[in-house]
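Protein chains in written order, with the working numbering: chain E, 1 to 111; chain X, 1 to 109.
Any given hint could turn out to be false.
Taking lysine-lysine pairs in the BS3-like style, the calculated list, with each CA pair at most 27 Å apart, reads [stated by the list, open to error]: (1) 96/X x 57/E; (2) 26/X x 31/E; (3) 57/E x 31/E; (4) 31/E x 96/X.
Some chain X residues near chain E, calculated using beta-carbon distances under 10 Å [what the hints assert, rightly or not]: (5) 9; (6) 41; (7) 42; (8) 44; (9) 45; (10) 88; (11) 92.
Rather than coming from a laboratory, the hints here were simulated on the basis of the structure. C-beta atoms are modelled at their ideal positions from N, C-alpha and C, and glycine is treated no differently.
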Amino acid sequence: EADIYQTPRYLVIGTGKKITLECSQTMGHDKMYWYQQDPGMELHLIHYSYGVNSTEKGDLSSESTVSRIRTEHFPLTLESARPSHTSQYLCASNDNTDTQYFGPGTRLTVL
Amino acid sequence: SQQGEEDPQALSIQEGENATMNCSYKTSINNLQWYRQNSGRGLVHLILIRSNEREKHSGRLRVTLDTSKKSSSLLITASRAADTASYFCATDAGGKLIFGQGTELSVKP
Numbered sequence: 001e002a003d004i005y006q007t008p009r010y011l012v013i014g015t016g017k018k019i020t021l022e023c024s025q026t027m028g029h030d031k032m033y034w035y036q037q038d039p040g041m042e043l044h045l046i047h048y049s050y051g052v053n054s055t056e057k058g059d060l061s062s063e064s065t066v067s068r069i070r071t072e073h074f075p076l077t078l079e080s081a082r083p084s085h086t087s088q089y090l091c092a093s094n095d096n097t098d099t100q101y102f103g104p105g106t107r108l109t110v111l
Numbered sequence: 001s002q003q004g005e006e007d008p009q010a011l012s013i014q015e016g017e018n019a020t021m022n023c024s025y026k027t028s029i030n031n032l033q034w035y036r037q038n039s040g041r042g043l044v045h046l047i048l049i050r051s052n053e054r055e056k057h058s059g060r061l062r063v064t065l066d067t068s069k070k071s072s073s074l075l076i077t078a079s080r081a082a083d084t085a086s087y088f089c090a091t092d093a094g095g096k097l098i099f100g101q102g103t104e105l106s107v108k109p
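Chain E extracted, bound-state conformation (with noise of 0.2 Å):
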């Protein structure tokens, strides 16, 4: 099991909330990820981090921010949540090997 860990697991909110989803790994990881996936499709790249104070945005554009202030903490928020921000964001991590780390993702839904 990795040590890897999303909060909440599962957010049902209103439109035009603020929300923040959290995401830890105790591995000591310097490479962060963010994604989107819809049910039943591929993951989307949206946000990553190669260290501290570095972000960066992924293939897919997205309304949401991420920062990193420490190592083991990548936040993604969303300033004002729509019904198409409803999806699950899974985050991920590594070190200098290839192989990427999941958590065990949040499922979003905006009303």
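The hints should help you fit chain X onto chain E, whose structure is shown.
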């Protein structure tokens, strides 16, 4: 367009049978990885094959890579009901992974 395309999209077999999933990609890669995802969960890494390798084994898993055809296959031998999950290939071309759409495998007892 997606780097990784997988087929079949869904596969249903009986316990004890072998399951084969295929993945094709478009650009040069450093390595190709296979991940497994149980329903509603995160992904678990299964196996990685580098661009200079042609075949790799891990337990009941066998992965092949044909860089000339830009394709890979994952074979699960002697499948079990517990193998029921979605399987994704992911290509690494520069540190970031690009995932295919996945194959949904159902193994019936």
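These are the hints, each one checked on the structure:
no.: 1; hint: 96/X x 57/E; verdict: holds, 12 Å
no.: 2; hint: 26/X x 31/E; verdict: holds, 25 Å
no.: 3; hint: 57/E x 31/E; verdict: holds, 14 Å
no.: 4; hint: 31/E x 96/X; verdict: holds, 10 Å
no.: 5; hint: 9; verdict: holds, 9 Å
no.: 6; hint: 41; verdict: holds, 6 Å
no.: 7; hint: 42; verdict: holds, 4 Å
no.: 8; hint: 44; verdict: holds, 7 Å
no.: 9; hint: 45; verdict: holds, 5 Å
no.: 10; hint: 88; verdict: holds, 7 Å
no.: 11; hint: 92; verdict: holds, 6 Å
Checked against the numbered hints given earlier, this structure breaks none of them.
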